[in-house]
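Q: Residues per chain are reported as follows:
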Amino acid sequence: MAITVKLDDMMAKKGLNCNELAQLVGVSAPSMSLLKTGRARAIRFTTLNKICEVLECTPEDILIYTKD
Amino acid sequence: MSKYIRLFKWFSLILAASTMVLSVLFLPYFLESLAWRFPEYEFLIDPAMYFIWATSIGFYYIVLLLINICSNAQSGKGFTISTAKLFDRIAVVALVEIVAYMIGFVIASIWIMKANPYLVFLFFIVAFFCFMIFGVCKVMKHLLRRVADIKEDNEYTI
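Residue numbers (our numbering), protein chains in the order written: chain A, 1 to 68; chain B, 1 to 158.
Isolated chain B (complex conformation) (with noise of 0.2 Å):
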């Protein structure tokens, strides 16, 4: 099990970091090509990149905690209530990005509604990838408090 969560570990960083150098190199381009399409649109091209960079700050830090959680499951430490907490965190960084992209999703059905729907909708399917994550992290959050809550009776139990 353990070195299945290793494995786990070293995919997700791998994944941060990718998306990390494909969203600095490839995104001003592909917005640019964006743009090349839609010449009205051109203007939007800068608070679009900065809004998608700003957003993946939320989910670089998430994958940040998904490794310290799978730390704690190596070192025994994965029903505790720090662990609860992690996801809690992870919750808590899910609701703002659904946030930001909801307000990104009115914002872009305003302005950029006719020209391309599709991108429009693309803000409501991470809104609702993000609302998935809230939902489950708060499950968690919840499952786990309660796990650890009977762990630790059992350890007082003489």
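Pulled out of the complex, with its shape left as it was, chain A reads as follows (with noise of 0.2 Å):
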């Protein structure tokens, strides 16, 4: 896919780890890791604003994209 999630460096800023991300952002521990692996295959708006809310972010901060 051409579009990652980094999210290792934001989490590792705000000292959270995956379930605790999940638990703050309203989804589930498995639906988190999902897309931290890179498994998801697409991610809602709301879900992507809720992340950048908690982990304090842009979008282009955690969303790379890079060209095939």
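Among these hints, one or two may not hold up.
[Said to hold, decoys possible] Think about it this way: if two alpha-carbon atoms lie no more than 25 Å apart in a straight line, the pair counts; the simulated BS3-like pairs of lysine-lysine are:
1. B:LYS138 / B:LYS151
2. A:LYS50 / B:LYS151
3. A:LYS36 / B:LYS151
4. B:LYS138 / B:LYS77
5. A:LYS14 / A:LYS50
6. B:LYS151 / B:LYS141
It is worth saying that the hints were derived from the structure and are not from the lab.
Relying on the hints, combine the two individually framed chains into one complex.
A: Set out below in structure tokens:
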């Protein structure tokens, strides 16, 4: 996939682990794991908005676009 | 809904079992009675009986696949690729039955058309019935695959 999710750095900055982030964002831990491991097929704007809100960042900080 | 699926499963099973018993017990007598009416076609008793018994295996297999589909639906796996594959398998079996009955139709047309045209058209009706099963199952397979894809997309959307 050309777009990858990089949550590790932002999570480390905030000192959050996957379960805590999932809880704060309001999604299940398995869903957050899917997102972290790059197995998710799509992300809702509401989820992205919440992640950015919790991690205090912008979408471009966590979504990386690379050309195939 | 689950109650109706369970009922359908049992009904299919009972129907298949009774058809099997009836075909084993009464089919030879029925064919013999036909041979009694048309003695010149007595030589066709055995081929006809074996043909019907052989082609009925396909129908029993279809019933088995239907029961599997019902089980999938009961366990919440109705909209999956595996269910779509079961529908595809039914379509393949129906296609085999169509070919068998069309061959039977041609052979019967040559041998017994003059004696009993209604019996010949019975082959055609069964082939047509199988064609309907084939068509419905192919459509169901296509739809289920699409639904399974959409469901998977939805499950992998965070």
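Q: The structure should be examined with respect to each hint, and the outcome stated for every one.
A: For each hint, the structure was consulted:
At roughly 20 Å between alpha-carbon atoms, LYS138 of chain B and LYS151 of chain B fall within 25 Å of each other, so this suggested pair holds. Between LYS50 of chain A and LYS151 of chain B the alpha-carbon distance is near 24 Å, which keeps this suggested pair within the 25 Å criterion. Of the supplied pair hints, the one linking LYS36 of chain A and LYS151 of chain B holds, its CA atoms being roughly 21 Å apart against a limit of 25 Å. Our distance criterion of 25 Å between C-alpha atoms is met by LYS138 of chain B and LYS77 of chain B, whose separation comes to about 19 Å.
With a CA separation close to 15 Å, the supplied pair LYS14 of chain A and LYS50 of chain A stays within the 25 Å bound. The hinted pair formed by LYS151 of chain B and LYS141 of chain B meets the criterion: a straight-line CA distance of about 15 Å does not exceed 25 Å.
When each numbered hint is compared with the structure, no violation occurs for any of them.
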